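Protein sequence lines, in the order shown, are assigned to chains A and B.
Per the numbering used here, residue 7 is the first one in the first sequence, and the count goes up by one each step.
Per the numbering used here, residue 7 is the first one in the second sequence, and the count goes up by one each step.
Among these hints, one or two may not hold up.
Since copy identity is lost for identical chains, a pair holds within one copy or between any two.
Calculated lysine-lysine pairs in the BS3-like style (CA-CA distance at most 30 Å, straight line) [said to hold, decoys possible]: (1) Lys117 <-> Lys228; (2) Lys228 <-> Lys193; (3) Lys46 <-> Lys121; (4) Lys228 <-> Lys125; (5) Lys215 <-> Lys125; (6) Lys215 <-> Lys117; (7) Lys193 <-> Lys37; (8) Lys228 <-> Lys46; (9) Lys215 <-> Lys37; (10) Lys215 <-> Lys237; (11) Lys193 <-> Lys117; (12) Lys125 <-> Lys37; (13) Lys237 <-> Lys46; (14) Lys237 <-> Lys117; (15) Lys215 <-> Lys193; (16) Lys193 <-> Lys46; (17) Lys37 <-> Lys121; (18) Lys215 <-> Lys46; (19) Lys125 <-> Lys46; (20) Lys193 <-> Lys125; (21) Lys228 <-> Lys37; (22) Lys121 <-> Lys237.
Just so you know, these hints were derived from the structure itself, not from any lab.
For clarity, every value in this text was computed on a predicted model and none was experimentally measured.
As a plain string of letters, each chain reads:
There are 2 protein chains.
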Amino acid sequence: MGATVEHDDDEPTASDEPGRHFVRSLERGLKVIEAFAVEKRPMTAVDVADSTGIPRAAVRRFLLTLTDLGYTRYDGRAFALTPRALQLGYSYLVSSPLSAVAQPHVEELLKRAQKALSKVSILDGGVAVRDQNEIAYVAYARGTSIFRLNISQGSRFPAWITSTGRVLLAVLDDDELEESLARTTLKSYTAATLRNCEELRSAILTARKQGWCVVDQEFEEKLTAFSVPLKDQNGRTVAALNLSTIHEPDRSPYESLLLEQMRATAARIEEDLRLVQP
Amino acid sequence: MGATVEHDDDEPTASDEPGRHFVRSLERGLKVIEAFAVEKRPMTAVDVADSTGIPRAAVRRFLLTLTDLGYTRYDGRAFALTPRALQLGYSYLVSSPLSAVAQPHVEELLKRAQKALSKVSILDGGVAVRDQNEIAYVAYARGTSIFRLNISQGSRFPAWITSTGRVLLAVLDDDELEESLARTTLKSYTAATLRNCEELRSAILTARKQGWCVVDQEFEEKLTAFSVPLKDQNGRTVAALNLSTIHEPDRSPYESLLLEQMRATAARIEEDLRLVQP
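The task is simple: from the sequences and hints, build the whole structure.
In structure tokens, the structure reads:
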């Protein structure tokens with residue numbers, strides 16, 4: 007093979023090769039990038055190897071390659087991602103019409119809903135999509151409340167604990183739902199968090215039946231989140247529209263009005279999506 | 007080599023291999039992801055090959071691998087990025103303290119500046135970093151004006167035409183600046199856009215001298231953008247803080263007050279950054 011260098015991680019093996027086309031070094035390189043989201047700090051090659059389970063020598067090659075390409079920088083001690091990595095996620099946002107189409111509608115909804123419901127403190131609103139066991143915000147806007155949540159476009163949360171996640175799990179067929187529940191690990195965030203898989207299944211089936219979902223103080227004390235589904239031109243639910251409010255002891259004076267406004271906004275987003283993707 | 011599959015694109019060659027460690031298939035896989043940001047739509051393997059210059063057979067392997075990993079999906083006709091790709095960019099945002107630290111300060115600045123300057127319509131504010139010839143927003147907030155710019159966290163613009171870009175180019179040393187200018191292609195956005203490299207160099211040197219920058223109607227008619235540098239704990243400028251306003255025929259009644267507020271916010275962000283990265 008002359009002067010070429012052999013990279014063992016570039017050779018697919020039977021054990022981890024989903025198909026003959028599979029490029030394992032791409033999988034590993036992406037894992038290295040994502041390791042920074044898990045650890046949330048600059049890392050040495052050893053740190054990344056520990057975090058990903060990829061052998062150190064291979065991690066080193068990936069980090070040096072990423073540095074050559076400008077995705078990471080090396081200060082002599084640790085590697086850190088650069089803004090170039092931001093471009094990878096931005097590639098999704100600009101190639102998916104959902105984010106651009108939804109953003110102004112979410113902002114408009116926040117203003118309109120806050121005006122209509124002056125006694126309720128609306129914290130924020132967004133549109134989220136499901137990525138396996140998580141949801142990710144593709145559009146996000148903050149209300150005028152002085153309380154703020156640490157959320158932005160791209161923020162991710164476990165699907166099962168969020169109202170958007172439950173709306174998106176509710177549209178799975180029964181087998182897919184059971185499979186997803188089997189992969190879900192419950193965690194107690196507050197005293198109100200659902201305690202077992204049975205309660206969670208029941209909450210998801212309620213969301214399926216009523217076509218919307220509320221998660222009340224389960225994720226955060228004093229936080230109530232509402233979600234309605236967003237459908238594509240084929241009637242398939244592809245995302246969920248969400249509004250969060252400060253918890254009120256009695257939701258009955260405003261819940262139906264809030265949901266009405268959310269459904270109207272969802273219909274507008276769906277209409278705009280049809281114009282973009284006929 | 008037994009049962010392993012040979013991937014020609016996994017074998018580094020002298021011509022495109024910056025070092026012995028270089029993993030070319032990682033470079034190509036990332037190029038495939040970024041192609042979606044350029045074309046802004048779902049693409050066939052042929053489209054991606056045309057866009058990237060990577061041979062079709064290799065592109066196909068990368069797209070199938072990305073689909074196996076959940077970064078792209080295939081509808082039988084074209085490939086599209088999924089929200090999983092968003093995680094790659096989000097990895098930068100959560101591992102870089104700048105974004106989280108700056109966001110609330112930018113929101114606060116917008117409110118404070120709009121209150122102090124009631125006669126000026128402040129459109130938005132943000133913090134941007136430079137990535138080669140572009141700037142990327144790592145924090146972003148919209149003002150209360152009914153006019154809105156199509157910008158969000160992750161948005162990218164050519165560095166030379168933006169006030170943040172000029173502040174960030176101004177801190178390069180002379181050789182680096184000349185090199186960057188040599189790589190820059192000017193484009194006429196409005197009647198006010200600088201027309202040649204000489205004018206641009208002069209504008210950047212002015213920004214260097216005065217420690218801030220204004221770009222007035224050069225990028226968009228009626229849009230005036232101000233930027234000040236943001237320094238890390240070593241005094242190195244790593245980002246720029248920006249405010250955009252609707253153009254006013256005479257800036258003198260408010261410019262110095264606006265810059266004063268921006269500098270105060272920059273100082274607060276710098277202080278918080280020192281607390282996070284001592």
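Hints versus structure:
When the C-alpha separation of lysine 117 and lysine 228 is checked against a cutoff of 30 Å, the pair qualifies both within a copy, at 21 Å, and between copies, at 25 Å. Taking identical chains as interchangeable, the C-alpha atoms of lysine 228 and lysine 193 lie at most 30 Å apart only when both belong to the same chain, with a minimum of 18 Å there against 51 Å between chains. Taking the shortest alpha-carbon separations for lysine 46 and lysine 121, neither the intra-copy value of 38 Å nor the inter-copy value of 36 Å comes in at or below 30 Å. Proximity of lysine 228 to lysine 125 under the C-alpha cut-off of 30 Å is restricted to the intra-copy arrangement: shortest distance 15 Å within a copy versus 38 Å between copies.
For the identical chains of this complex, lysine 215 and lysine 125 are intra-copy neighbours only, at 29 Å inside a copy versus 51 Å across copies, given an alpha-carbon limit of 30 Å. For the identical chains of this complex, lysine 215 and lysine 117 are intra-copy neighbours only, at 29 Å inside a copy versus 42 Å across copies, given an alpha-carbon limit of 30 Å. Taking the closest pair of Cα atoms, lysine 193 and lysine 37 come within 30 Å of each other only inside a single copy of the chain (25 Å); across copies the shortest separation is 38 Å, beyond that limit. In this homomeric assembly, lysine 228 and lysine 46 come within 30 Å of each other (Cα to Cα) only inside a single copy, at 27 Å, whereas the closest approach across copies is 40 Å.
Taking the shortest Cα distances, lysine 215 and lysine 37 never come within 30 Å of each other, neither inside one copy (38 Å) nor across copies (43 Å). With identical chains, the CA atoms of lysine 215 and lysine 237 are at most 30 Å apart within one copy only, with a shortest distance of 16 Å there and 53 Å across copies. When the C-alpha separation of lysine 193 and lysine 117 is checked against a cutoff of 30 Å, the pair qualifies neither within a copy, at 34 Å, nor between copies, at 38 Å. Taking the shortest alpha-carbon separations for lysine 125 and lysine 37, neither the intra-copy value of 46 Å nor the inter-copy value of 50 Å comes in at or below 30 Å.
For the identical chains of this complex, lysine 237 and lysine 46 are inter-copy neighbours only, at 21 Å across copies versus 34 Å inside a copy, given an alpha-carbon limit of 30 Å. In this homomeric assembly, lysine 237 and lysine 117 come within 30 Å of each other (Cα to Cα) only inside a single copy, at 23 Å, whereas the closest approach across copies is 36 Å. For the identical chains of this complex, lysine 215 and lysine 193 are intra-copy neighbours only, at 25 Å inside a copy versus 55 Å across copies, given an alpha-carbon limit of 30 Å. Proximity of lysine 193 and lysine 46 under a CA criterion of 30 Å is satisfied intra-copy only: 21 Å inside one chain copy versus 38 Å between copies.
When the C-alpha separation of lysine 37 and lysine 121 is checked against a cutoff of 30 Å, the pair qualifies neither within a copy, at 45 Å, nor between copies, at 46 Å. In this assembly of identical chains, lysine 215 and lysine 46 lie within 30 Å of each other by CA distance neither inside one copy nor across copies; the values are 39 Å within and 36 Å between. When the C-alpha separation of lysine 125 and lysine 46 is checked against a cutoff of 30 Å, the pair qualifies neither within a copy, at 38 Å, nor between copies, at 42 Å. Proximity of lysine 193 to lysine 125 under the C-alpha cut-off of 30 Å is found in neither arrangement, the shortest distances being 32 Å within a copy and 50 Å between copies.
Proximity of lysine 228 and lysine 37 under a CA criterion of 30 Å is satisfied in neither setting, with 36 Å inside one chain copy and 44 Å between copies. Taking the closest pair of Cα atoms, lysine 121 and lysine 237 come within 30 Å of each other only inside a single copy of the chain (26 Å); across copies the shortest separation is 40 Å, beyond that limit.
Of the numbered hints listed earlier, those contradicted by the structure are 3, 9, 11, 12, 17, 18, 19, 20 and 21.
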